[in-house]
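Trainee: As a plain string of letters, each chain reads:
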Amino acid sequence: VCPPGVLPLCRPPAWDRAARPPPSPPPAPGLPLAPCRAFSNNKIQVELDESSGVAMMKFKSPPVNSLSLEFLTEFSISLEKLENNRACRGVIITSAVPKIFSSGLDITEMCGKSVEHYAEFWRAVQELWLRLYGSNMVTVAAINGSSPAGGCLVALSCDYRIMAENPKFSIGLNEAQLGIVAPFWFKDTFVNVVGHRTAECSLQLGSLYPAPEAHRLGLVDELVPEEKLMEKAAAVMAQWLALPDHARQLTKTMMRKALLDRLVAHREEDINNFITFISKESIQKSLRMYMEMLKKRKS
Amino acid sequence: VCPPGVLPLCRPPAWDRAARPPPSPPPAPGLPLAPCRAFSNNKIQVELDESSGVAMMKFKSPPVNSLSLEFLTEFSISLEKLENNRACRGVIITSAVPKIFSSGLDITEMCGKSVEHYAEFWRAVQELWLRLYGSNMVTVAAINGSSPAGGCLVALSCDYRIMAENPKFSIGLNEAQLGIVAPFWFKDTFVNVVGHRTAECSLQLGSLYPAPEAHRLGLVDELVPEEKLMEKAAAVMAQWLALPDHARQLTKTMMRKALLDRLVAHREEDINNFITFISKESIQKSLRMYMEMLKKRKS
Amino acid sequence: VCPPGVLPLCRPPAWDRAARPPPSPPPAPGLPLAPCRAFSNNKIQVELDESSGVAMMKFKSPPVNSLSLEFLTEFSISLEKLENNRACRGVIITSAVPKIFSSGLDITEMCGKSVEHYAEFWRAVQELWLRLYGSNMVTVAAINGSSPAGGCLVALSCDYRIMAENPKFSIGLNEAQLGIVAPFWFKDTFVNVVGHRTAECSLQLGSLYPAPEAHRLGLVDELVPEEKLMEKAAAVMAQWLALPDHARQLTKTMMRKALLDRLVAHREEDINNFITFISKESIQKSLRMYMEMLKKRKS
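Taken in order, these protein sequences are the chains called A, B and C. Using full-length UniProt numbering, read the first sequence as starting at 1 and increasing by one per residue. Using full-length UniProt numbering, read the second sequence as starting at 1 and increasing by one per residue. Using full-length UniProt numbering, read the third sequence as starting at 1 and increasing by one per residue.
Hints are computed from structural coordinates only; laboratory data are not their basis. Since the structure is predicted, the reported quantities are computational estimates derived from the model, not experimental observations. Among the clues, some could well be false.
[Said to hold, decoys possible] Each computed DSS-like pair below joins lysine-lysine, with the alpha-carbon atoms no more than 25 Å apart:
hint: 1; chain 1: A; residue 1: Lys257; chain 2: C; residue 2: Lys187
hint: 2; chain 1: A; residue 1: Lys187; chain 2: C; residue 2: Lys296
hint: 3; chain 1: B; residue 1: Lys257; chain 2: A; residue 2: Lys257
hint: 4; chain 1: B; residue 1: Lys187; chain 2: A; residue 2: Lys187
hint: 5; chain 1: B; residue 1: Lys280; chain 2: C; residue 2: Lys257
hint: 6; chain 1: B; residue 1: Lys232; chain 2: B; residue 2: Lys99
hint: 7; chain 1: C; residue 1: Lys187; chain 2: B; residue 2: Lys187
hint: 8; chain 1: A; residue 1: Lys99; chain 2: A; residue 2: Lys228
hint: 9; chain 1: C; residue 1: Lys113; chain 2: C; residue 2: Lys296
Turn these sequences into a full structure, and let the hints guide you.
Mentor: Structure follows, in structure tokens:
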């Protein structure tokens with residue numbers, strides 16, 4: 001499936017290694033094969049340290065790093081670039097916005113828009129998860145702020161989660177609080193981290209956990225003082241990169257392939273479910289009320 | 001699938017929302033639509049507080065609330081009535097008999113009876129579980145006494161389990177102690193609460209756990225002093241009811257549908273397995289011995 | 001499926017109770033039906049105490065009880081003999097070599113050999129696991145030394161694991177450290193013991209855990225001082241044997257059958273995967289380097 005001559009760059013995510021063409025086109029003729037050291041976009045800043053093979057990915061979309069269609073697209077493209085860059089073996093994901101890792105899916109993308117827009121948005125959410133959960137790179141979430149709903153999903157999809165121990169920062173899949181339902185693959189990802197019982201209870205209550213409680217439940221792997229977060233993330237990354245890539249990647253695929261395959265097999269159905277659900281007037285109303293509440297709280 | 005005009009009452013359990021006709025007939029003409037406040041039956045007392053939307057269901061079948069065919073039938077019908085009552089959003093299940101929540105399946109129903117009786121009995125056990133595990137209502141078990149075998153299954157099928165912290169009260173799926181085997185859906189329900197390893201060990205040893213140990217394993221969610229049990233159950237219920245019903249119900253279905261579907265798909269096979277197993281002379285003998293032992297212990 | 005006249009001896013492992021002929025031929029005419037009290041082989045010493053029904057199986061293949069083809073074959077045959085011996089209800093598995101339980105699969109069997117040899121070796125690994133994980137007997141691992149990789153799998157396949165509390169003894173599926181990948185049924189067995197999250201992290205890092213950490217993760221069930229290990233193993237065995245065999249065996253089958261079936265269904269494919277992987281020059285090279293390192297460390 002890889003065009004001749006670009007094999008070294010051809011490293012699609014684990015979930016479609018066999019089935020799909022390489023996710024990005026080969027570099028244009030004349031461009032050097034060794035790619036970007038740093039690329040800044042609108043919403044995410046990416047820096048690759050080629051000596052260590054570790055990229056730092058920082059969300060910088062104030063006020064709350066919400067996962068808009070634009071943000072998700074940039075996120076997927078950034079991951080894809082790194083995935084295809086032989087010099088990059090791992091990514092640390094963190095936030096450049098104080099007190100917030102990511103607030104999750106952007107509600108304005110789900111409110112008062114066309115069916116076509118909902119479909120495009122949801123496909124972008126799926127794409128991001130497929131790419132992140134199925135990444136061949138080592139992915140470490142350095143959670144330096146609150147991380148509800150889709151923000152929590154981003155963290156859950158990494159290989160390892162380190163959180164600032166500040167009890168004011170909370171994390172969880174709190175969709176139910178907004179009257180909406182996490183899709184099955186959010187749920188599956190969650191169950192694989194915290195087990196069925198905690199997920200069942202937590203998803204129904206839309207629980208957000210302060211960092212210490214999140215750690216107790218296994219939702220995050222480690223807590224450190226906020227000022228030590230990046231140092232710790234780098235140390236954990238070094239530990240994971242000490243292993244041979246090939247064996248680690250095959251092992252990761254073995255652990256995650258069933259879930260990735262499940263979404264790939266039901267992708268259109270999942271989009272239709274989302275559209276049907278989100279188009280309901282009762283759901284639209286409850287999202288509008290939630291946005292009103294957010295606005296009032298801010299002012 | 002709902003006859004016109006009765007839609008508001010039509011709320012089948014989650015596991016057959018799409019596939020089956022509403023579980024109860026519409027109310028007879030002339031009867032008021034707003035249903036029962038309290039209905040007392042032979043073996044279970046039910047009281048609905050319409051202001052909170054919470055029903056209290058109390059097992060009152062001395063000496064040990066054993067799950068006889070009659071008890072199971074009444075239990076299923078009571079759940080069905082509440083499920084179809086728009087005023088009811090949650091049920092607290094507890095016992096009116098001191099020191100015992102429920103002793104589990106009534107052994108006399110499994111001893112020296114006809115094949116037809118075994119089939120009817122087992123179908124009633126299945127029906128109760130399908131209805132309770134798949135309930136759209138919030139279900140809280142307030143476990144105020146011991147709860148072996150089928151009694152434990154009732155508790156495991158609820159959304160949340162609070163137990164009196166008395167270490168003399170024990171709970172567990174102890175079928176193996178009697179020489180019998182918990183069916184696959186008891187096992188599946190158990191695994192979803194405590195995980196595979198604890199279930200594997202516990203089911204093989206037929207372990208009964210004192211309340212503190214049960215709490216440590218996650219078999220129950222919380223322990224409180226016995227005199228605070230109902231107060232705590234009401235508080236937990238209020239917390240669950242603070243969430244929008246629709247999102248919570250869809251989430252519950254997402255978590256439990258696979259298990260419910262599995263029994264629905266293998267229901268007749270499961271009945272036949274039960275009949276074959278229970279009809280063996282060796283099993284009959286060991287159940288008779290167990291009943292003898294219970295009688296002696298009593299006198 | 002059992003030839004007439006030998007029914008009492010006919011007890012195939014749980015995973016093929018229905019489908020296959022009895023795993024061993026009936027005893028030759030003229031031989032007494034009550035078999036071996038003790039049989040010593042080259043690499044494993046087996047002693048059966050007929051009064052308790054408990055066999056002691058001791059690995060005695062210095063220096064490190066590595067699972068060579070010869071060892072695996074002897075191990076499978078020993079289990080088969082005990083399985084078919086009505087006098088035997090349980091096995092305690094331990095090591096006669098100080099400080100090591102088993103070092104896992106013998107790397108020399110995977111290095112520089114023919115494809116036919118790899119196939120034969122891998123089939124023997126599968127056979128051992130099918131027999132041990134699916135055993136109808138109660139199996140207790142008394143882990144009196146380190147137990148990496150395949151040694152850990154042997155322990156994980158038992159019903160209960162007791163480990164000497166010496167923190168110098170470590171245990172884990174550390175295949176990734178050697179640049180190789182644990183097959184899916186190692187992974188499944190591991191997930192069923194420690195859950196998905198711990199397995200995912202642990203397998204990717206190839207983690208070896210000192211005994212106390214292994215206990216904390218649930219990888220072993222209990223720690224005891226080394227001098228109490230055998231006493232404790234006997235006590236645990238007695239506790240498991242207090243249950244009626246039939247119910248316990250059916251329960252064990254219910255818990256483990258899905259995994260056993262999965263390997264049985266993909267056995268040839270799994271062998272081919274192993275051969276393809278192990279035949280790669282990069283893998284061969286990394287195994288040779290590992291062996292060099294072991295040799296140097298020794299001298």
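Trainee: Would you mind marking each hint as holding or not holding in the structure?
Mentor: Comparing the hints with the structure gives:
| no. | hint | result |
| --- | --- | --- |
| 1 | Lys257(A) with Lys187(C) | holds (13 Å) |
| 2 | Lys187(A) with Lys296(C) | violated (49 Å) |
| 3 | Lys257(B) with Lys257(A) | holds (22 Å) |
| 4 | Lys187(B) with Lys187(A) | holds (22 Å) |
| 5 | Lys280(B) with Lys257(C) | holds (23 Å) |
| 6 | Lys232(B) with Lys99(B) | holds (18 Å) |
| 7 | Lys187(C) with Lys187(B) | holds (22 Å) |
| 8 | Lys99(A) with Lys228(A) | holds (15 Å) |
| 9 | Lys113(C) with Lys296(C) | holds (23 Å) |
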